[in-house]
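In case you want the letters, here they are:
Number of protein chains: 4
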Amino acid sequence: MKPSSSISEPSERAVAAGGGLFDGVLARGPVREAVSDRAWLQAMLDFEAALAASQARAGLFGTDVAEAIAAACRAQAFDIDEIGREAADTGNPVVPVLRRLREAVGEATGGVVHHGATSQDVIDTAAMLVSKRAVGPLLQDICGAAQAAALLARAHRGTPMIGRTLLQHAVPITFGLKAAGWMVGLDTAADRLGDLRDSRMAVQFGGAAGTLAGLDEKGPEIVHRLAEELRLAEPVLPWHTERTRIAELGSGLGEAAGAIVKPALDVILMAQTEVGEVREGTPGRGGSSAMEHKRNPIAAVSARACAMRAPGLVAELLAAMGHEHERAAGPWHAEWRPLSDLLMSVGSAAAWLRDSLEHLEVDEKRMLENLERLGSGNDVGSAVELATRALDARATRSAARDT
Amino acid sequence: MKPSSSISEPSERAVAAGGGLFDGVLARGPVREAVSDRAWLQAMLDFEAALAASQARAGLFGTDVAEAIAAACRAQAFDIDEIGREAADTGNPVVPVLRRLREAVGEATGGVVHHGATSQDVIDTAAMLVSKRAVGPLLQDICGAAQAAALLARAHRGTPMIGRTLLQHAVPITFGLKAAGWMVGLDTAADRLGDLRDSRMAVQFGGAAGTLAGLDEKGPEIVHRLAEELRLAEPVLPWHTERTRIAELGSGLGEAAGAIVKPALDVILMAQTEVGEVREGTPGRGGSSAMEHKRNPIAAVSARACAMRAPGLVAELLAAMGHEHERAAGPWHAEWRPLSDLLMSVGSAAAWLRDSLEHLEVDEKRMLENLERLGSGNDVGSAVELATRALDARATRSAARDT
Amino acid sequence: MKPSSSISEPSERAVAAGGGLFDGVLARGPVREAVSDRAWLQAMLDFEAALAASQARAGLFGTDVAEAIAAACRAQAFDIDEIGREAADTGNPVVPVLRRLREAVGEATGGVVHHGATSQDVIDTAAMLVSKRAVGPLLQDICGAAQAAALLARAHRGTPMIGRTLLQHAVPITFGLKAAGWMVGLDTAADRLGDLRDSRMAVQFGGAAGTLAGLDEKGPEIVHRLAEELRLAEPVLPWHTERTRIAELGSGLGEAAGAIVKPALDVILMAQTEVGEVREGTPGRGGSSAMEHKRNPIAAVSARACAMRAPGLVAELLAAMGHEHERAAGPWHAEWRPLSDLLMSVGSAAAWLRDSLEHLEVDEKRMLENLERLGSGNDVGSAVELATRALDARATRSAARDT
Amino acid sequence: MKPSSSISEPSERAVAAGGGLFDGVLARGPVREAVSDRAWLQAMLDFEAALAASQARAGLFGTDVAEAIAAACRAQAFDIDEIGREAADTGNPVVPVLRRLREAVGEATGGVVHHGATSQDVIDTAAMLVSKRAVGPLLQDICGAAQAAALLARAHRGTPMIGRTLLQHAVPITFGLKAAGWMVGLDTAADRLGDLRDSRMAVQFGGAAGTLAGLDEKGPEIVHRLAEELRLAEPVLPWHTERTRIAELGSGLGEAAGAIVKPALDVILMAQTEVGEVREGTPGRGGSSAMEHKRNPIAAVSARACAMRAPGLVAELLAAMGHEHERAAGPWHAEWRPLSDLLMSVGSAAAWLRDSLEHLEVDEKRMLENLERLGSGNDVGSAVELATRALDARATRSAARDT
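The listed protein sequences correspond, in order, to chains A, B, C and D. So in our numbering, spot 392 of the first sequence is number 392, and the numbers just go up one at a time. So in our numbering, spot 167 of the second sequence is number 167, and the numbers just go up one at a time. So in our numbering, spot 129 of the third sequence is number 129, and the numbers just go up one at a time. So in our numbering, spot 389 of the fourth sequence is number 389, and the numbers just go up one at a time.
Just so you know, these hints were derived from the structure itself, not from any lab. A few of these clues could be false.
Lysine to aspartate or glutamate pairs mimicking EDC-like chemistry, simulated, CA-CA at most 20 Å apart [to be verified]:
id	chain 1	residue 1	chain 2	residue 2
1	B	K218	B	E234
2	A	K218	D	D379
3	B	K365	B	D379
4	D	K218	A	E385
5	D	K218	D	D198
6	D	K365	B	D402
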């Protein structure tokens, strides 16, 4: 029996999240849906389906039982509002989900649903699934932004402009070197997030206190199969109170936010009326009916705004690492929102930055005028060589990855 | 013409926010609805209605025009999803709201909608209205929790228990003194939030760059009337880039969160199986089907979890205070979410703590047993006098407030 | 017996703190010394001297005993390094300080040193003294910066310049209106800090678990006299685990940091080579030997750098509010450094901003050139009236304060 | 010419940092000295010495010149206080350091000191050197703590105790499984920090605007040799405004802090008087003269206190990632303190936790009594197998590393 095909990717199933008043600005792109309540619920149900499949494969019960459970694990069939309200009685939404799931599969099968698991197993594994599914599209946008930066670096590796330190004219650089710096920052952040997604997003299954009690000696085997089913890593120990996974993911997102803020800020500064070296060329956006002379760099501004949330949200996740004993009395629950918010904010920032850089119009003439304003000369040092080197290193790495 | 009656309180109008998967735990109580997207939209429309009323009173156009605008300013008539999507084109949701509002009132009247205002005027004033409306119920829950602490302090001012330092037995105290400490912290936080609500929630109206341009000399008068209409304070200057109001509110909420965490943590620690001095007595909550001997202090745990968000969210608001020139290129947008999240998280924490303290069952016998465990004596010093003094001070202050 | 004159202000006594490598930039101005280790130690000793004086006044022992103790409470006589090392054994520096103090006064008198007090009483009261003493010079610099902004607002209330939104040209303002906005933010922050200093910096005295045990019925009287001696507020209860005082102070400093960042950022942006509307005129600073055309706005840059620390440090203090039982197992110790760092960073930021604004050179001609660049007209709306109003309100308030 | 031996490790040279009042608690262990002002200054001088050596190797001038410079690059010969004061004039301490260094080597040689470099090159490279040198001892303490946890896990893999969820009794575990969880968290954090130290601590050298101007075509070669001299990584581009290195290091330290808080908190909770399952056995520490029955878990409390600083400090570093153009106007300076503070705080936390765990006395009898209190049975599930598996995985990995 191979890993169950019932665990499909969320994009096929999740109903679109309701669009919020500020979401157009602050929750742009595909990550919003990937961290929606419905996506979380589906991930929780995916855990239950995969658990049943794993236990069937381990011989605890028949495959048909697992298939019946999997068939009922579809988020659309559940009323999220009701579940949310009932969650207050037990302190998390798992109990009301299980009640409905057991009703759906009938009494006989219901008895084996969630066998040997505890609420935290469900939510922690769901957090990993949600994160993994969200990091995918998020990385596409970061890599898209990095690729746009690479194209700018290539096209403008020899385009001279003034370098500015403390926002004062210093000595010449090339715009390509600046863009290459953006690219390296974005690639670095993307690499880290990719590594975390591939190696650290692990299943959590330990039962009431992390001992795999009540499963005879089959516990470890079930953990192994469960990881296989869900295509998550298998941890050496249940990690219900060992939160480095959450912290590393949060930190990785925080670093990505910083790598996004840098180019966004440079675009905003170069787009200033007095500087005028770039402008965002996205059709139909950024105009001001009241002031026709004005073209706002909406995408860069929005990218920066979204990314600015990250430091505080990372601090929330780090401050919640002190989990008491075998289940934390607060710090666990305190992770849920900042994790979703961080994925969404950084995802949105990445989508905006990509948009900004892909539509960036570069005014080489203005760059030259500004450069000559104070007679700063035209010695760009090794700018061209450096930009080229960074582009070559990227190409080499990309080629290595593709083979 | 007296302040317009069309600006009603949100409770009459706002449609219930959708219940999220984690909201039963993390968004308990009435604040959730007060900071919902619908509440924000209504507050934005309240600004437009009040602006028209103010300009009519200042003689810019007829009262009937203002009344027609006010009649259209009802959030239920707007599609939030659509607005949110369109917001991406201009970087905030005001333009799509105005388009719909102008359509609703017809071409002739539409021309004076939003007269002399800019997007930030709408959203900043809405932020103040939303905050003021949310702080009301939030304060009710903090004060409810403080009152519950006061009742515990009164009832148990002479109930001896062991004082604990670094979680080790130290010398005796009374439970009433401990509860009086909770009460003082909560009252202090409530006083601060009440002061901020009453004195610092101010209207924002300045036009494109804060100069009240395009209103001839009537600008200042309109600001005055607008504040009157919306029952907000009138600021000495437009505060579009002077963000101490947002920071103070955020900080006040952060302090409240800390004042909530303290008693929540004490309840959790006293409820430990080995300590057993209190338990939450809310009917139907906290039981565990798997472990009958167990009664989880769900309310205190949830209060702590909600309150733990605050430090990071306050940091977000403080870090966003650097607004460039006459409108910030990112920091302004970066305030919207943490402000709502902070109101909601602290509101939820307050609701949970109130629930915990109002249903707290105190085991005096167990307190005595624990006290005697190490022979720590029974000298409670001035504990009774101190608790009494704190209660008396509270009564005096409360009496002074009522006259 | 009147409040003891032995408790002098720290400036008379504190030996200069060692100058650190980065202190010229990051610890500018008088606050650095006010939060030095020596200042902390002196404040701890001031507590012991005042406690003895209070207990003598309450009749616990003779005035001569108290005077002997006070005479030994001079920080210069203590070796801070040694104390710091020994602090590791008990988890705080109070025990080694007391050992030395008792040695200094001799065995007979030593027996009443620290009578009825616990380590946290010493350090918490010292924290209040240090804060109060540091807020004084800090406020002088904030008020100096506000005054410099007021002078700019007055001188330039009618100086036209372009208003900028999202860093793009919008509509005209006056430089005086911009400076008036800086002034209002700084004044608001200063008012809050002044209020906190005057009303919330309170003595802490409660003994081992906050009950004033071991003092018969004299405990409350001693608290009262101690507050009088140290010119601190008298709290309704010992506040050893009720940390709103620390949180409010931290938040007030965080708000001040934000009020400082705003003008610093505007100065940096206006000083850009392409914009050129202001420059810092401090003699002998900001020049670059390598690039003669360049004049760095060092003071504004440094102000911003110092102020940027605040959000994270405030988050530390807020996250440390959950004090367990009668003495926290970590959160208490976790307050010491961020409190000092916050005072020092905000103090340094204030000193730098004051320097920047007091030496700001305004290029009205350049302002006009920039304004005319896009033909934005010259309608400054009510800018002049608004700036005047803010200046008048300031003068009125200042006059009211002086009478 | 092989890499210069003049760049010795700081332990040989650095003069001990002055011991601060709170350092015994908050700056324990060897990291304090590694991040002292003197260590920073030495690292700056190491940059200058290595730069000269690299340029000599590249043929820019003779080896004797480089050796003369290296001979003068000894921090003891510089007056840190004076440098700190002069730093205010240029906004960083590099200019006053260079003035002294040039004086020391004489006019002829002085002309080539710092050739082609800018202040930020010096400080950024010094930040990497300081970090690398501090992470060494820091890792020794984290690994020491992990090793102590491993020994506890091995010795107690079968020692039954109650598992606790939400601080309530749940089902049995073994103490060894709990300790194995601590071990995994600490090992994970150590691995991350080790990776960062080995691969991401890179030299920074770019000149005034990152183009290696003024070095003809030798710039890239000099970067290469400089990295070799200083045993730092060679970056693909100058990273003066691409701050993922700083962010990753900060995040790694934040994760380590969380991995430290978890066991510290468990120790504190298990050491509670009512629980009594462990106590810290360090001779001569934690006793209370006033209360003989008491033994405070000073080391665990101090570890927690130190580690609690991390989330706010990490937020500072992440919030400072938005570096404008070719040198940031504030965010760069804003990194210096939180980086040092974070290294020191996490280093101190690690030293304390190691001390706590290495001296932990386990009361198996009390564990059994607590376990039996509510009749929770004795089924520890797969606890023993899981702990064993984690220990085996550790041994395998360690063996692989040694070969």
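Requested in this report: Verify the proposed pairing of K218/B with E234/B, using a straight-line Cα cut of 20 Å.
Outcome: holds, 15 Å
Query - Distance restraint between K365/B and D379/B, which requires alpha-carbon spacing of 20 Å or less - result: holds, 17 Å
Query raised in the report: If you draw a straight line from the CA of K218/D to the CA of D198/D, is it 20 Å or shorter?
Result: Not OK: K218/D and D198/D at ~26 Å, beyond 20 Å, violated.
Query raised in the report: Regarding the pair K218/D and E385/A, is the alpha-carbon distance no greater than 20 Å?
Result: holds, 11 Å
Query raised in the report: Has the given pair, K218/A with D379/D, been kept, meaning a C-alpha gap of at most 20 Å?
Result: holds, 14 Å
Query raised in the report: Quick one, are K365/D and D402/B close enough, alpha carbons at most 20 Å?
Result: violated, 59 Å
Hints 5, 6, counting from the list given before, are not met by this structure.
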